[in-house]
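> For chain A, the structure is supplied; the task is to place chain B on it using the hints.
Each chain, written out:
2 protein chains.
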Amino acid sequence: MNQPIASVALEKAYRLLNHGPTVLVSASHDGVNDVMAAAWACALDFSPPKLTVVLDKMTKTRELIEQSGCFVIQVPTAAQLQLTYEVGNRSLHTDPDKLANCGVELFSFDDRPLPFVAGCSAWLACRLISESHNQQAHDLFIGEVTGAWSDTRVFKGGHWHFDSAEPALRSLHYIAGGQFYAIGESLKAKTGS
Amino acid sequence: MNQPIASVALEKAYRLLNHGPTVLVSASHDGVNDVMAAAWACALDFSPPKLTVVLDKMTKTRELIEQSGCFVIQVPTAAQLQLTYEVGNRSLHTDPDKLANCGVELFSFDDRPLPFVAGCSAWLACRLISESHNQQAHDLFIGEVTGAWSDTRVFKGGHWHFDSAEPALRSLHYIAGGQFYAIGESLKAKTGS
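Residue numbers (our numbering), protein chains in the order written: chain A, 838 to 1030; chain B, 838 to 1030.
Just chain A, with the same shape it has in the complex:
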């Protein structure tokens, strides 16, 4: 772990997810860590920053979030293509060595009791806003973002720099059957008209 990491101002944290990347969701409880992939994660509010993520009842990560009341949403990179696919297709229920088998390395930030996945481009520490109806009826979980960080090679000064960073740092956008797209070129609309 020798990534250049800096904190992201909470009012700009939504930008880490605004372009719709597939994310990794991680949580920890009672010494058990799990990480899963989720294509269905989305910003929900600016201030305080909130997000939604859909978590199937079958996943161990969901159970850990319900128990601990907190989780991390992180943005994996193109270099983590296979890792992202594997954590989305193996279950801790049947594969106790899932994280090692998927090549996941965890680390800590700021003494927060949360498992962060090394090698990602951005991390959002979240506090679960418990809403029974959404969780039970829709598998929909709401988190308030309490801390955000980025790899400054690709997100700095409140902006992504995918065009100038190395392609291995691009975000992943899942479709189905192991097929992803990397994020592409920057396009700028005319503003202020």
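Just so you know, these hints were derived from the structure itself, not from any lab.
Be careful, since some hints might not be right.
Since copy identity is lost for identical chains, a pair holds within one copy or between any two.
[Claimed, not checked] Straight-line alpha carbon distances no greater than 30 Å define the calculated DSSO-like cross-link-like pairs of lysine-lysine that follow:
no. : residue 1 : residue 2
1   : Lys993    : Lys1025
2   : Lys935    : Lys894
3   : Lys935    : Lys1027
4   : Lys1027   : Lys849
5   : Lys894    : Lys1025
6   : Lys849    : Lys993
Quantities reported herein were computed from a predicted structural model and do not represent experimental measurements.
Only chain B this time, still in chain A's reference frame:
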């Protein structure tokens, strides 16, 4: 309007949104049409297919959806960069000619009483699943997808074909301040291990 359009099987409709594009939201009520942009739209379920979209209380589109109980989520293309920015930054409340001023052309499908935006790459017709708490507390709207269509030059056979289609058909992924990213190259994980 001479796009090659075909219907998309409902069980594959989630794939139209799975990579996290910024979308256009359109609705109609009592002869009034509006279209807005939304970066915070996300798939919610496979079967029946459902999605979430965050709609600010200031928008006329939200009012039309609450009145009519239905809306369209559509995926704009890189060729619609300026249109997407404009519909997201002008309001029908203050600009009665908003749609004309933004270059929006509407059309109909299958006699559905919904305003579809011409030139997009995919369209999802939705029925509002009314949930007062989510709408009031979170500006979060849930729709059940009742019909889906795509421009077959870029989505066909249940898959996006961004790599082989012309770049002008790529999806847009908004960040902030008029800056978008187009979707990029296809990456395939090893499956079936």
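> Now tell me, hint by hint, if it's right for this structure.
Status of the hints after comparison with the structure:
Taking identical chains as interchangeable, the C-alpha atoms of Lys993 and Lys1025 lie at most 30 Å apart whether they share a chain (18 Å) or sit on different chains (28 Å). In the homo-oligomer, the alpha carbons of Lys935 and Lys894 lie at most 30 Å apart inside one protomer (18 Å), although the nearest pairing across protomers, at 44 Å, exceeds that limit. Taking the closest pair of Cα atoms, Lys935 and Lys1027 come within 30 Å of each other only across two copies (17 Å); inside a single copy the shortest separation is 47 Å, beyond that limit. Proximity of Lys1027 to Lys849 under the C-alpha cut-off of 30 Å is restricted to the intra-copy arrangement: shortest distance 22 Å within a copy versus 35 Å between copies.
Proximity of Lys894 and Lys1025 under a CA criterion of 30 Å is satisfied inter-copy only: 27 Å between copies versus 40 Å inside one chain copy. Proximity of Lys849 and Lys993 under a CA criterion of 30 Å is satisfied intra-copy only: 11 Å inside one chain copy versus 36 Å between copies.
Checked against the numbered hints listed earlier, the structure breaks none of them; every hint is satisfied.
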